[in-house]
Amino acid sequence: MDPFSVTAGVAGLLSLAIQLATVSAKYGNNCVKGQSYDFIFELNTLVDVLRRLQQFLDFPDTSTIFNQVSVLTSTNTRCATMLRDFLNKLQKTVKESNRAKRAIDKLLWPMTEKEHIQAMEEIHRYTQTFNFALTIAGCSLLSKSSSEVIATLQQQALKLNETKQLCATIPDLVSQIEASLTQISDLQAFVQSIAVQTTALPSISRDLADLKSLAHDQKCRQHVQDRKEIFSWLSSVSFEARQRQIFDRHQSGTGTWLLEHEAFKRWKEVKGKVLWCTGIPGAGKTFMSSLVIDTLRKPTTADNGAPVAFVYADFKDHRQLTTLNLISSITRQLAEQNEAIMDKVSKKFEENTARSSTDKPAPPSLDELMHILQDAQTYLDGAYVIIDAIDELQSLETEGIGDVRFELLNMLSSLKKVSLFCTTRPHIDASTYFADYEQISIEATNTDLCTYLDARIASSRRLVGFVSKDRHLKNHIVSSITGKCSGMFLLARLQIEQVMTAISVRCLRSMLDTLSSRLFDMYEETMRRIRKQNNAEALLAIRAISWVATVKRPLTCSELVHALSVESNDQHLDVDSLVDIQIILEASGGLIQLLPQSLDFEISPRRYRSEVPKEETVGFVHYTLHECFESLPSTTDVNCDIVDTSLIYLGLEIFHRKSHQTETQILSQYPFVGYAALFWPAHAELAGARLRNDLIKLLVSPTRPWLEYTWLRFAFWESFGETYVKKPSGFTVVVVAMHGAKRILKDMLARGVNGNVRLHQTKTPFGMSLAYRMPTCSQVFSYSWLIQSAESNLWIFSRGYNEMFVLRWFMKFLLQNLRTMTEVVHTTIESSPPDFLHTETIDGKTWFAGLNSIRGRGIDLTFGFIFSYRPPGDRLK
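In our numbering, the protein residues as written are 506 to 1382.
For the record, the hints were derived by calculation from the structure and aren't laboratory data. Each hint can be trusted.
Now the in silico label distances, taken between C-beta atoms and shown as ranges:
1. S1073 - T1167: 23 to 31 angstroms
2. A1041 - D934: 47 to 55 angstroms
3. E1072 - D934: 49 to 57 angstroms
Even for Gly, the Cβ is constructed at its ideal location relative to N, Cα and C.
Build the full structure now, drawing on both the sequences and the hints.
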C-alpha cells in the first residue's frame, strides 16, 4: 500500500473522530460526572495527533512503504471500526430521543461507567500508537508487520535495559529510560493484541475473494436459471439432439460440393435470400442440412456470427409441428444466440407475467412472436433459418388440414434479413411460396458415394478380410453399388449392409450381381432376411416394425418395450417379462432406430412437467419405409393387435393395487398406459369388424372393475395434463370422439349415452372432435346439440385452434343442416361482412356461411348465421 493510501485512511479516520466529537457534545451537562467532556477531551487529543500524522505523511521526505499487514494500517482500520461503533451507539440514542420529543440537553450518556472507562483507555492507546508514528523511525517501524514490530521493540527494550544498568548513577537519565521502557511495553502489548488479527488479514482477504467469487457464481446461476425459465416459456420444441445425431452419422468429406456451389455462396453472402434444395427420397437431403447447419455455426468474418435456427420436419409429428410451435422454436433458437432478440423476448415474458393471474404467464401468441422477430431485425445484420423436409409439414394437400407449410414459409419470408434454406422432394414447387429464390438439386455424387463406401468397407472386419485377398474386389464393390444405388445414399447404405452379411467372396460377388436398384426392393429384401431369423426374433421384429408403422405418434423406447412384452391374458408384468430394446433393434435388421425427441411435450401435456424425463423414441430409418408399408396389404391385424395389447395392459392388476399413486409415478413404471388409454379407440376404429368383441365388452361389463377407471383416468391425464378426480359426465364419449372412433361412438350414442355435455370448463365431444381434426366423428352428433351448446362447442376458437380446417368443417356442418334450422338470421353479406366464410352447394344452390369474431374474446356467440347467394367481390378466406 503506498503512502497516499495510508494518508487517505488517516484522513478518513480524522473525519470520523471529528464527527464523533460533534455528536458527543450534544449530551451536555446531563451526563454523570461530565462523562461526555472526558470523552471529548480524549477524542480531541486523538484528532490533534491524527492531524499531525497526516501532515507528517504528506511531507516529501516520508517515503515509507506500507502494506495490508503493516501495524499502522491495521491500527488505522481497527481504530476506525471502534470509532464507528461509538458513533452508531450515540446516534441511535439521539434518534430515539428525537422520536420521543425529548430535549437534546436532557440526553443521557448511553455508556455505563465500565464501558466509559474502557472506551477512554482504548482511545488513549490508539492516540499513543499514532503519536509514536510521528517520527521517521517510528513511522518506519509501524510500516512493518506485527511480528516484525514486536521483535524490534524487544531489541530496543533489551538495549535500554543494558543502558539503564550502565547509567544507574544518573537519576534523570534513568527516569527517562524507564518512561521509554513503559511506553515500549505499552506499545508492545497493544501490537501484540492486534497481532492475531493482523496475521489473519491474508486469510480474510482470501475469504473476501472467495465470497466475491461465490456471489458472482450465484448471480451467474440465477441469470442462467432466469433465461432457462424464459426459454421454457417461449418454446419446448428443440431439434438440437436431432442435429447432433444426424451430424455424428455424417461421413466426413462428403457434401463439400454443396458448400462450394456458387448458388450456396450467394445465398450465404446476401441476406434475405431463399435457397430451395430438391432431391429424390434417400438422396441425403437431411445430411446436407446438418452439414449446412454445422458450417453456419462456425463464425467467420463474412457472416459475423449470424444466428442460426433450424427445423427437422417429420410427418409423424403433425400434431406437434404446428405453425405456432415452429415459429416459437425458431424464435427461441435465435434468442439464445442474439441479445437483441433475447431482450425483446424477456420484455414480453415480463409483460405476460405481470398480466397473468396465475403463477405461470400466458405463452406468446403467433402475432406476438412475429412482432418480436420483426422488431429485432433493426438490430440484426442477418440470420439463417434451415428447414429440412419442408414437404413433410402439413399442407392443404394432406388430409385437408391446416396449411402449416404455407403459413411458416410466408411468415419467414416476411423477415427481410432472414436467409432461408429448405430441402424437399421435387414435387413441391418453390414458386408457390416465393417470387424470388434459387434452386439446387441434391443427389449423391459419385465422389461422395465412393468416400462413404470406402469408410464402410474399412469399418467391416469381414470385408477387410475379403478385399485383402483380392485387390480388385474393393473397386468391384464400390463400382457395383454406385452403379445401382440410383443416386441415393439410403439405397447405398442398405446395399452395403446386405453385402456385409456375405459369408464368402463367392457369396459377395453373387450379392453384387443381384443387387436391386429400387429402394422398395431393398426394403423387401431386408424383410426377407428378418423372416429367416429364428422364429422368436422374426416375430418380435415384424411386430415391432408393424407397430412403428401404425402407431398414431412415435412411441418411446420404454413404451414399445412394454407393449411388445405383453402377452394375451396377462394380468401381471414384471421386469423379467421385458424385452431389451437392443434385441428389438438388432432383430429389425436396421429398419428401425432410436430418435431423439424434438419436443418436450411430444408425448402429451404431461411432458410440460419437469419430473417427466425426455426419452428417445423409436422410428424408421427413413420416411419412405412408411410409404412402403402403406403399399402393402391392409394393416387391420396390426390395429387389432394394438387394441388387444392396450386393453390387456390397462387391465393389469397392478393399476388396481397402485391406484393411490400419482399419474407420474405410475407412468414412470408402466409407461405404455398413457398411449394405451388415449389411442386404443382410434385403432379400434381402424380395426373395424375384425376387432375382438370380447375385449370391448370388458369396458361395458368389466370383469376387471378397475379397467374402465384406469382407461379414463389416464386418458384424462394425457389429454389435459390434470389429475382425474372422478368420472366426468360424457368423458367416455369425448375420448372416443377426439380420436375418430366413429363406430364405437355410434354404438355408445345408440345405447343412450349422452353426448351433449360440457367437459372440463367448456369442452364438448363435438368441439373436441373438431379440435383433434376428426370430422368423421363431428358428423355423428345431431345438429340440435350444436345449436343448444354453441358457446361450449366453440371453445376451440378461443384456445388457438382457429385454423381453416376447423372453420371449414364447422361451416360445412351448418350448411348441411340448413333445412332443419328453425331460426336463421337472413341477411346479405354486403350489410355485414363476416370474418370467416365458407361455401357449400346444396340442391344446386351455392350458399355462404360466416361467423364474426370479437377482439379479445374469440368468437361472437350472439351472432346470427349469415347467408347470401352471392358475396360482394372476393371476401372468401
